[in-house]
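Build the full structure now, drawing on both the sequences and the hints.
There are 2 protein chains.
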Amino acid sequence: MPVPHLTTALKGPLLELESRIIAAQPQIEHWFRSQWQHHDTPFYGSVDLRNSGFKLAPVDMNLFPGGFNNLNPEFLPLAVQAAQSAVDKVCPEARSLLLIPENHTRNTFYLQNVATLAHIFGQAGLKVRLGSLNPEITEPTELVAANGDKLLLEPLVRQGNRLRLADGFDPCVVLLNNDLSAGIPALLQNLEQALLPPLHAGWAVRRKTHHFRAYDQVCQDFSRLLSIDPWLINPYFAQCSNLDFHSRQGEEELARTVDEMLAKIRVKYAEYGITQDPFVIVKADAGTYGMGIMSVKSAEEVVGLNRKARNKMSVVKEGLEVSEVIVQEGVYTFESINEAVAEPVIYMMDRYVIGGFYRVHTGRGIDENLNAPGMHFVPLSFECPCLPDKAGEPDCPPNRFYAYGVIARLALLASALELEATDPDA
Amino acid sequence: MPVPHLTTALKGPLLELESRIIAAQPQIEHWFRSQWQHHDTPFYGSVDLRNSGFKLAPVDMNLFPGGFNNLNPEFLPLAVQAAQSAVDKVCPEARSLLLIPENHTRNTFYLQNVATLAHIFGQAGLKVRLGSLNPEITEPTELVAANGDKLLLEPLVRQGNRLRLADGFDPCVVLLNNDLSAGIPALLQNLEQALLPPLHAGWAVRRKTHHFRAYDQVCQDFSRLLSIDPWLINPYFAQCSNLDFHSRQGEEELARTVDEMLAKIRVKYAEYGITQDPFVIVKADAGTYGMGIMSVKSAEEVVGLNRKARNKMSVVKEGLEVSEVIVQEGVYTFESINEAVAEPVIYMMDRYVIGGFYRVHTGRGIDENLNAPGMHFVPLSFECPCLPDKAGEPDCPPNRFYAYGVIARLALLASALELEATDPDA
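Sequence order for the protein chains is A and B. Going from the first sequence to my numbering is simple: count from 1 and add 317. Going from the second sequence to my numbering is simple: count from 1 and add 317.
Keep in mind the hints are simulated off the structure, nothing from the lab. There could be a bad hint or two in this list.
It does not matter which identical chain is used: a pair holds within one copy or between any two.
Under the rule of at most 30 Å between Cα atoms (straight-line distance), these lysine-lysine pairs were calculated in the BS3-like manner [said to hold, decoys possible]:
1) Lys444 with Lys406
2) Lys467 with Lys625
3) Lys614 with Lys444
4) Lys581 with Lys444
5) Lys467 with Lys444
6) Lys444 with Lys707
7) Lys707 with Lys614
8) Lys614 with Lys625
9) Lys467 with Lys707
10) Lys625 with Lys444
11) Lys581 with Lys614
12) Lys707 with Lys625
13) Lys581 with Lys406
Bear in mind the structure is a predicted one, so any value in this text is a computation, not a measurement.
Structure representation (structure tokens):
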């Protein structure tokens, strides 16, 4: 697989923030080490970042990351080493791992992600097999990924408190790559095997607002460490509940929230001399896959939505109704390559940044969501690892990617806090 | 730095052993994870391997490895990640590291190794400075490595039980890249800072025979796991003490030991249909740098040595007298590139294999020691990481390097046992 060069994507104005991050690298790494002494690292995760040149912030944190197939294959050894560390912490005696992917078996790019994950854990020394929650998978079924890799999906068998496959395969660890949007299946409840990530990391329980509340906390600490305005790395957000897009219930409150947030952003834009129009993103608080999302620049845009827009907003993955949304400050994407908008996604396993890629999309604007249904982005893997080059310019690819890795790890740490706060056994 | 291709170096006969190692990868990785639950991993290390096609074995284990500069720079991120893990275990609160190199400041390739190590720990997020035990370094001294990298060596200052630099730099961790052949300096004794590797890992205390005794033990277990003859991965060895090469004291006993070992090897060669002549290596039990080493094919060769040979054998690094030797089964090197003999060296940090290179030397035979004074080897870094390719031939580079990594980790584990057994505080 050829790895494209990224230089043309790195056109944003030089970030004072990046310089500070590079200069403070020893303090930052020390701070992360201290944090991880007190919080359990999520097993894996990916973070969608936006870089507007004046602001670098996470807009979404995925605890069941797809897209491992988009990472630079040259750096997969980093993922393998991180996987060894992750397994070692959770279950050092593990010999075998059952990977449970999403149910959409027709997305051959997603299947390539599953194959990559299976490969990584195989390289880390585990016997890996794939078990499916999909009721259509009633017998071992071979599927072919976009790149031709073959996968064998097998039906899950619950025996007592253990999850097995039909031939008796009895995994030590069950790894979810399924975000449980449809709820927590009985099959997965009260397992005696190690189940990762925990069930409450799934969208049946998770809320974006929980995450960004935790992220607020993380940013407070980190911004103090770097003596920066936390706003530079943290988008404003607010929650709106009891919405019903069909009956227009809660519309006014939503409009008020949007209005207030736009006002707050305007103050910050004025403070930093930013001339762009502020915008906010409204999205389902429990949801993913870019469904139920709108980008608005004024409160009027959320009032009196037409039927099509209301339908679009009201339902997310697995047909779930949306009654809670997060209203999030929009962060412009000012990275581009060949005039196409590019949004970075950073991947982590255990506490380690293992790589990233850009979602490159030609047909979309800089204030739109790039992770949307039907969206065919071109992945552009990072050409170098997320390690700083202290002799390089603050904005050279290694330093920019290092800064991305730092912000992504802040989101990872926020997820650790979020999972602690929502742990039903705590 | 261009990375040469290695295909021509991989000409040895296909190893049944390599196939077994690849097939048993999940069991092997599980076994290592279990072992590391009970033993502390040495901080770092490198292992000299020999591959004769019929036998793959370590011949030396270095706990103060030089040569990091010879690793493929593309895989340095693996070293950085492993360094983070290593530091995290030993001293998660660490902010700064003092690296103490060897005293030979004129070896510019060694200086490049020191620069690479400093770079790795810098990338891992530590403030790194260099302190010297060399009495000639009385003030901060800039040295230039072979590749032009600049290093600042500074005199050490002992204050109470802490090691510092003159300007007050007070490191959290002191990392030795000096093997203490000259004894343990008072400066390093009873430090309250974390000192790595521990003092008893230095050649003032260490003995090759201690290591290979521990390696015997490791090989017993591992060979049972793989159902192989331990001899395939373990060279015979014996110790001879109370030698005085100058007065020829102990010569007869040495000859007898050599004779017995050659007889044992002959039995094994017959069992496996190997037609080569057995040979043994006689080397100082406490020593390194390829000094005090001879390769012999009959007992007569160690009797009545001429003055030159006796002088060569009697003194190792730092002018120490040799009175104990290890007599070790010689393992042929059947790897070559462009008709030059190639000996693999594998590097590890924490429990991770982070890469390796070949010492390539045109002027030496397949039964000679390749790490000798005045020897100008050409380093040939491994072109891929030491991870298996299960779809590949057992002998393809990734699989061969994986097998090398496995054997190297056995030696690393043996060092862990060795350091436990020789720990003065245990």
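Using 30 Å as the alpha-carbon threshold, which applies to Lys581 and Lys406: within, between, both, or neither? neither (43 Å within a copy, 44 Å between copies)
Checking Lys444 and Lys707: alpha-carbon separation at most 30 Å within a copy, between copies, both or neither? Answer is between: at 12 Å across copies they meet the 30 Å cutoff, but 40 Å inside does not.
Please work out whether the CA atoms of Lys467 and Lys625 approach to 30 Å or closer within one copy, between two copies, in both situations, or in neither? Result: close neither inside a copy nor across copies, 39 Å intra and 65 Å inter.
If the cutoff is 30 Å on CA atoms, where do Lys444 and Lys406 land: within, between, both or neither? Let me know, please. both (18 Å within a copy, 27 Å between copies)
Checking an output row: Lys614 and Lys444, CA cutoff 30 Å. Within, between, both or neither? Answer is neither; intra-copy 51 Å and inter-copy 46 Å both fail.
Identical-chain pair category, Lys707 with Lys625, by Cα at 30 Å: neither (51 Å within a copy, 51 Å between copies)
State whether the alpha carbon distance between Lys467 and Lys444 is at most 30 Å within one copy, between copies, both, or neither. within (16 Å within a copy, 47 Å between copies)
As a check of your reading, is Lys707 near Lys614 (CA-CA no more than 30 Å) within one copy, between copies, both or neither? Close neither inside one copy (39 Å) nor across copies (53 Å); limit 30 Å.
Reference check for the pair Lys581 and Lys614, CA-CA at most 30 Å: within, between, both, or neither? within (13 Å within a copy, 84 Å between copies)
Please work out whether the CA atoms of Lys467 and Lys707 approach to 30 Å or closer within one copy, between two copies, in both situations, or in neither? Answer is between: at 14 Å across copies they meet the 30 Å cutoff, but 42 Å inside does not.
Given identical chains, is Lys614 near Lys625, meaning Cα to Cα at most 30 Å, within a copy, between copies, both, or neither? within (19 Å within a copy, 88 Å between copies)
Intra- versus inter-copy proximity for Lys444 and Lys581 (alpha-carbon distance at most 30 Å): neither (52 Å within a copy, 40 Å between copies)
Comparing the model with each earlier hint shows violations of hints 2, 3, 4, 7, 10, 12, 13; every other hint is respected.
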